[in-house]
Amino acid sequence: AQTVTQSQPEMSVQEAETVTLSCTYDTSESDYYLFWYKQPPSRQMILVIRQEAYKQQNATENRFSVNFQKAAKSFSLKISDSQLGDAAMYFCALLLYNNNDMRFGAGTRLTVKP
Amino acid sequence: DAGVTQSPTHLIKTRGQQVTLRCSPKSGHDTVSWYQQALGQGPQFIFQYYEEEERQRGNFPDRFSGHQFPNYSSELNVNALLLGDSALYLCASGRWTVREQPQHFGDGTRLSIL
Numbered sequence: 047a048q049t050v051t052q053s054q055p056e057m058s059v060q061e062a063e064t065v066t067l068s069c070t071y072d073t074s075e076s077d078y079y080l081f082w083y084k085q086p087p088s089r090q091m092i093l094v095i096r097q098e099a100y101k102q103q104n105a106t107e108n109r110f111s112v113n114f115q116k117a118a119k120s121f122s123l124k125i126s127d128s129q130l131g132d133a134a135m136y137f138c139a140l141l142l143y144n145n146n147d148m149r150f151g152a153g154t155r156l157t158v159k160p
Numbered sequence: 048d049a050g051v052t053q054s055p056t057h058l059i060k061t062r063g064q065q066v067t068l069r070c071s072p073k074s075g076h077d078t079v080s081w082y083q084q085a086l087g088q089g090p091q092f093i094f095q096y097y098e099e100e101e102r103q104r105g106n107f108p109d110r111f112s113g114h115q116f117p118n119y120s121s122e123l124n125v126n127a128l129l130l131g132d133s134a135l136y137l138c139a140s141g142r143w144t145v146r147e148q149p150q151h152f153g154d155g156t157r158l159s160i161l
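In the order they appear, the protein sequences are chains W and R. Residues 47 to 160, numbered by the working numbering, are exactly what the first sequence covers, in order. Residues 48 to 161, numbered by the working numbering, are exactly what the second sequence covers, in order.
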């Protein structure tokens, strides 16, 4: 069975500072995708960044980057130069190849202080 | 280009009733997945439809059923509603042949059971 664990229910960061959100996962498969989604109060899940497990290079999207450690089954999200609009729930998710059941963690609520 | 649209936005039902939620996928998408997100938790996969067939199902009872229409839109039906069915129901769409691309989510339907 696949599981995703986010051990930080809440995190806080000062505007313009950097914050890292943690995620660990468990699967016996070797081929999978990992995602970070953002869910603001508007409820829509918005893709922040994704990583293919076969790629060793960490994904980067503007101010967002990940630290993917496959052996440790760790997939953390770093947000640089935090902005007020980054405040939201952040979910880590795991999707196996040839499987449609995307598994989500319980989420981390990020607060950005002005 | 319209994204994923869901209706209704909110719904209040009583125990034992039946409910139907609707989803229109993003233009160009042919696959629809449904998720249940209980308060304070991450989304849980209910099932996925492609070519009007249920392709995969998560750990949900038969009270949860669905349908996909020739225009790729989808319905989620829940019978014999329980208090525990109160949740945000999210629809996500994608393309079956391009599974490595992330799904696009709608804003969800908030279902409250009294």
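Simulated from the structure, these hints should not be mistaken for laboratory data. Ideal Cβ placement from N, Cα and C applies to all residues, glycine included. Please note: incorrect hints may appear among the correct ones.
Pairs of lysine to any residue residues, derived as SDA-like cross-links and limited to a Cα-Cα distance of at most 20 Å, are as follows [to be verified]:
| no. | chain 1 | residue 1 | chain 2 | residue 2 |
| --- | --- | --- | --- | --- |
| 1 | W | K124 | W | N145 |
| 2 | R | K73 | W | L93 |
| 3 | R | K73 | W | R89 |
| 4 | R | K73 | W | K124 |
| 5 | R | K73 | W | S88 |
Derived contacts from chain R toward chain W, CB cut-off under 8 Å, selection only [unchecked claim]:
| no. | residue |
| --- | --- |
| 6 | A85 |
| 7 | G89 |
| 8 | F92 |
| 9 | Q95 |
| 10 | G105 |
| 11 | P108 |
| 12 | R110 |
| 13 | A134 |
| 14 | L137 |
| 15 | F152 |
| 16 | G155 |
| 17 | S159 |
| 18 | L161 |
Covered by chain R, according to a simulated footprint, are these stretches of chain W (three or more residues, beta-carbon under 8 Å) [unchecked claim]:
| no. | stretch |
| --- | --- |
| 19 | 89-101 |
| 20 | 117-126 |
Status of each hint after checking the structure:
1. W:K124 / W:N145: Given that 20 Å is the threshold and the Cα spacing comes to 27 Å, the pair is violated.
2. R:K73 / W:L93: OK: R:K73 and W:L93 at ~15 Å, within 20 Å.
3. R:K73 / W:R89: This hinted pair holds, its Cα atoms lying about 17 Å apart.
4. R:K73 / W:K124: Roughly 29 Å separates the two Cα atoms, so the pair is violated.
5. R:K73 / W:S88: 18 Å, holds
6. A85: 10 Å, violated
7. G89: 3 Å, holds
8. F92: 4 Å, holds
9. Q95: The hint holds - R:Q95 has a Cβ within 8 Å of chain W, the shortest such distance being about 4 Å.
10. G105: 6 Å, holds
11. P108: 16 Å, violated
12. R110: 19 Å, violated
13. A134: 12 Å, violated
14. L137: 7 Å, holds
15. F152: 4 Å, holds
16. G155: At 5 Å from the nearest chain W Cβ, R:G155 passes the 8 Å test, so the hint holds.
17. S159: Violated, about 14 Å.
18. L161: Check failed: Cβ of R:L161 comes no nearer than 21 Å to chain W, outside 8 Å.
19. 89-101: That given contact holds, which follows from 7 residues of the stretch 89-101 of chain W lying within Cβ reach (below 8 Å) of chain R.
20. 117-126: Violated - the stretch 117-126 of chain W has 0 residues with a Cβ nearer than 8 Å to chain R, which falls short of three.
Taken one by one, the earlier hints fail for this structure at numbers 1, 4, 6, 11, 12, 13, 17, 18 and 20, listed in ascending order.
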